[in-house]
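Asks: Each protein sequence line maps, in turn, to chains A and B.
Here the first sequence stands for residues 54 to 140, where the numbers follow my numbering.
Here the second sequence stands for residues 4 to 417, where the numbers follow my numbering.
Think of the hints as simulated: they come from the structure by calculation, not from any bench.
Watch out, some of these pointers could steer you wrong.
Stated by the list, open to error - The calculated lysine-lysine pairs, modelled on DSSO-like cross-linking and capped at a C-alpha distance of 30 Å, are: (1) 40(B) - 138(A); (2) 40(B) - 416(B); (3) 134(B) - 293(B); (4) 134(A) - 40(B); (5) 105(A) - 68(B); (6) 134(B) - 138(A); (7) 70(B) - 105(A); (8) 134(A) - 127(B).
Said to hold, decoys possible - Derived coverage of chain B by chain A (criterion: at least 3 residues anywhere in the stretch with Cβ under 8 Å from a Cβ of chain A; other residues may be distant): (9) 64-70; (10) 130-143.
Said to hold, decoys possible - What follows is a list of derived Cβ distance ranges for each label pair: (11) 47(B) - 104(A): 25 to 31 Å; (12) 75(A) - 259(B): 37 to 43 Å; (13) 92(A) - 102(B): 17 to 23 Å; (14) 257(B) - 92(A): 40 to 46 Å; (15) 167(B) - 58(A): 47 to 53 Å; (16) 131(B) - 123(A): 34 to 40 Å.
Cβ atoms here follow ideal geometry from the backbone N, Cα and C, with glycine treated the same way.
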Amino acid sequence: MTNEEIREEVLDILENIAPDEDLSDLDDSLNFREQLELDSMDFLDIVMELRKRHRIQIPEDDYINLASMDSTVTYLTPILKDVEKAK
Amino acid sequence: MIRSAVDDQRIVITGVGLTAPNGDNLADFRAALLSGKSGVDRYHIRYVGDTLAGECHFDELMYQKRKELRRGTRAGSVSIYCANQAVTDSGIEWSKIDPERVGVYVGVTEHGNVETENEINEIKAFDYDTKVWSHHHNPRTVANNPAGEVTLNMGITGPHYTIGAACAAGNAGLIQGAQMLLLDDCDLAIAGGVSESIRTFGIFAGFASQGALAENEDPTRASRPFDLDRNGIVVAEGGCLFILERYSDAARRGAKIYGELVGHAMTSDASDFVLPNPAQQSRCMNLALKRAQINADQIDIVSTHATATTSGDIQECIALRRVFGDSTNTLINNTKSFIGHAMGAAGSLELAGNLPSFVDGFCHHTINVDHLDPECNLPGLVLGEPRVKKEVTYILNNSFGMLGINSVVIIKKV
Numbered sequence: 054m055t056n057e058e059i060r061e062e063v064l065d066i067l068e069n070i071a072p073d074e075d076l077s078d079l080d081d082s083l084n085f086r087e088q089l090e091l092d093s094m095d096f097l098d099i100v101m102e103l104r105k106r107h108r109i110q111i112p113e114d115d116y117i118n119l120a121s122m123d124s125t126v127t128y129l130t131p132i133l134k135d136v137e138k139a140k
Numbered sequence: 004m005i006r007s008a009v010d011d012q013r014i015v016i017t018g019v020g021l022t023a024p025n026g027d028n029l030a031d032f033r034a035a036l037l038s039g040k041s042g043v044d045r046y047h048i049r050y051v052g053d054t055l056a057g058e059c060h061f062d063e064l065m066y067q068k069r070k071e072l073r074r075g076t077r078a079g080s081v082s083i084y085c086a087n088q089a090v091t092d093s094g095i096e097w098s099k100i101d102p103e104r105v106g107v108y109v110g111v112t113e114h115g116n117v118e119t120e121n122e123i124n125e126i127k128a129f130d131y132d133t134k135v136w137s138h139h140h141n142p143r144t145v146a147n148n149p150a151g152e153v154t155l156n157m158g159i160t161g162p163h164y165t166i167g168a169a170c171a172a173g174n175a176g177l178i179q180g181a182q183m184l185l186l187d188d189c190d191l192a193i194a195g196g197v198s199e200s201i202r203t204f205g206i207f208a209g210f211a212s213q214g215a216l217a218e219n220e221d222p223t224r225a226s227r228p229f230d231l232d233r234n235g236i237v238v239a240e241g242g243c244l245f246i247l248e249r250y251s252d253a254a255r256r257g258a259k260i261y262g263e264l265v266g267h268a269m270t271s272d273a274s275d276f277v278l279p280n281p282a283q284q285s286r287c288m289n290l291a292l293k294r295a296q297i298n299a300d301q302i303d304i305v306s307t308h309a310t311a312t313t314s315g316d317i318q319e320c321i322a323l324r325r326v327f328g329d330s331t332n333t334l335i336n337n338t339k340s341f342i343g344h345a346m347g348a349a350g351s352l353e354l355a356g357n358l359p360s361f362v363d364g365f366c367h368h369t370i371n372v373d374h375l376d377p378e379c380n381l382p383g384l385v386l387g388e389p390r391v392k393k394e395v396t397y398i399l400n401n402s403f404g405m406l407g408i409n410s411v412v413i414i415k416k417v
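Looking at chain B on its own, in the form it has when it is part of the complex (with noise of 0.2 Å):
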């Protein structure tokens, strides 16, 4: 496991590199958040209609060409984006890099929706005839595809692979990446999670259907985790994928580091396809912790996966209770409020959000909480503002998903 002393087996964050519906970087994206900036905004998509979501607007252009846009898929551009500036971000010189060494594991929530609709909608105006469906729809919606257009757009000829773990899948890259490092399959990973999830209408559908879909007059006070008036989920798309090394490779190069991964835990509900299951969330948060070899009162912060389902907030709160109950010390925060749900990016960039903490000694607060939720009054929740936390060591980054799926990795300060 990751907390061995020895230096080749402890694996650190060099790079980050993120797209989000509030910022393209992490520099950005930490300044709306400590500024309360929301990214929702007011979203059209087919037969849905009117709606919310949140939306990136980073330059797709950066690193590809307009063909490579056409061809792909907005998953595979937002990997790519990421994947560019993380590298960027590490301070790696990429031409002395041995593509071989390289691998790179995208975590999605799903992948192909997007582009199986737009085919359907594209025969529909043929009475649906199969002759005009695209050469391209397999390329694009092959489960690998975000992960191997990274490959493709860097050379790299590692590994790669996409990690479906419904909204678990930002950790869940993460983790991957780690344990690839750990098993020598690679020596630098491209690792975290990705959604086109916005360009499908069957997500806002589902949703919808499900009672789940938020709504609001006002769309930046439309995701309101914890929030008596709270009624769904904001749809956002985005990604984040990390720079993992060995904490001996990155201090041999002098590189700046993000923080250690020390713990990590993933756990299945086996209990309900949609309803979460506080039982195994504290597991997995009490798994994590013990492999960290850490107690719960030594977490500083909490990055919460709340995404403004009375069910699933509630019942988070419940396992953060069982497992945080006594802690005078964690604060406890959520990135859902500024940015929505980003499905398969989600734990990835709620993470990345915090880990300036370590060094700017904030606590990102959680947004639109007018009328706190009883049930989710926990003591260290922080609520409208930044609260200053001087020393933040370690950061747990909590990501749960449908089919009972639980992620939760932590974090030290290095």
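Okay, chain A solo, but in the shape it has when bound (with noise of 0.2 Å):
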């Protein structure tokens, strides 16, 4: 996948995870929680997501990494290098 591929695919996942919110104008640079109602529960939404969509395993101390869009990006890119976006 690639970068923007992924970009896209967190981005789906968020809009499931907070469907009231608008994610049109989401700054990619800033942390999520700063632009978004997002608790605990909402970020192991977003782990448990990306486990069913790609079968990976992120460890919880690598939570830390899934916290703006850009730093989920550049966190996942080589995770997810040889997989083909999910359907």
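Take the two lone chains and join them into the complex the hints point to.
Replies: Here's what the structure looks like:
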């Protein structure tokens, strides 16, 4: 998956997790929590959804990398480089 | 007990919030009952396939965001809708209520089956890998979930819990709320029962295996308590939560009062997992009458529990004959013939649908009785169309459940 594809996928997951939020003006450099009403259970949803879609395990120590869109894409790029985008 | 004449020991109903398969508020529900409108329709659920059910169609987004819906349970949504509607109906200015003095007591037949089945269905697609089992599972399935979701939604910081009481739960929730008011645990109780049971295939499959799941070409004709052609239960979802207050508080604020809980009783059969016991059912009714300090003949309307199983209907009729045999005043009806069996919500919904009788002077009827079972031929049974009952002062509401749990409440016109 390309960086853009990974971003699209994370955005798709966020749309499911936070269906009341407007994600059109999401700032990729800012923490999700600064822009969206997300709690710890929501972050677990991101981890869970990535696990379901790509069978990847994200260690708890790495959750910090899911803070913003930029950091999430950076973290996932090497993990998903050989993976096709989920349909 | 609730018979005290002291106004702060009298418990009254001042608000009703409900969703039923044929109405999402008391006025619509009552209109549907008086006009003979069924809420049963065709329904599909995984593994079982095509069947029948009473499904509710209230606006889930009226009081919840989509995210809250996603995170919570159907029983939680039903409870939130009913609780908010009940508060609105009561005329209480919510912002002036001390949230620490509000208690939430929600009767449930079961809770957690729906959510557990959903998760098992989800991990099935992953070769039953439990690593994809949702972290939402536990907060969704804890037994207090429906009541807890109400407190989260409404900012209530008083006590909350559910009352697990099989299909007697609607009455049991109401009784619990009244008792907590009398114990001064709260000043306002949101109490009744809810059900999400049509979302679990296990309920349908269980009744089918028991030979007790209704079938009919015409869904609206499927729920047939007291009829010789009945063939089982129509499962329904729904909810009804009441606002309960002490009479003194209600009178002080000039509240509209639906009725006073003047008698209640709960008993156990101690005889069978499933089969009802008319001796204990009649004892439960007599105990409630004794506590209300009235005779059976003073009851104007009996709202029966009958679910359209042959054994259950006949056993309840035996119990009713023992209690009301000589009564010339008492009319008898059944709400499940309209909506099916709303499980944990049944007791409170069936009571709510009869409360307007105090004002409109009608006893709603029982539908779908084309060939009355002779063993259910009770003298006061109202069939086919509503009956005028100008002076309704007392309503007795039966609700019974598996494991031999019996509940009765008596409501008096105020």
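Asks: Now tell me, hint by hint, if it's right for this structure.
Replies: Structure-based check of each hint:
{"no.": "1", "hint": "40(B) - 138(A)", "in the structure": "51 Å, violated"}
{"no.": "2", "hint": "40(B) - 416(B)", "in the structure": "26 Å, holds"}
{"no.": "3", "hint": "134(B) - 293(B)", "in the structure": "56 Å, violated"}
{"no.": "4", "hint": "134(A) - 40(B)", "in the structure": "59 Å, violated"}
{"no.": "5", "hint": "105(A) - 68(B)", "in the structure": "25 Å, holds"}
{"no.": "6", "hint": "134(B) - 138(A)", "in the structure": "21 Å, holds"}
{"no.": "7", "hint": "70(B) - 105(A)", "in the structure": "20 Å, holds"}
{"no.": "8", "hint": "134(A) - 127(B)", "in the structure": "27 Å, holds"}
{"no.": "9", "hint": "64-70", "in the structure": "holds (count 3)"}
{"no.": "10", "hint": "130-143", "in the structure": "holds (count 5)"}
{"no.": "11", "hint": "47(B) - 104(A): 25 to 31 Å", "in the structure": "30 Å, holds"}
{"no.": "12", "hint": "75(A) - 259(B): 37 to 43 Å", "in the structure": "41 Å, holds"}
{"no.": "13", "hint": "92(A) - 102(B): 17 to 23 Å", "in the structure": "22 Å, holds"}
{"no.": "14", "hint": "257(B) - 92(A): 40 to 46 Å", "in the structure": "42 Å, holds"}
{"no.": "15", "hint": "167(B) - 58(A): 47 to 53 Å", "in the structure": "48 Å, holds"}
{"no.": "16", "hint": "131(B) - 123(A): 34 to 40 Å", "in the structure": "36 Å, holds"}
The structure does not agree with the numbered hints 1, 3 and 4 stated previously, though it agrees with the rest.
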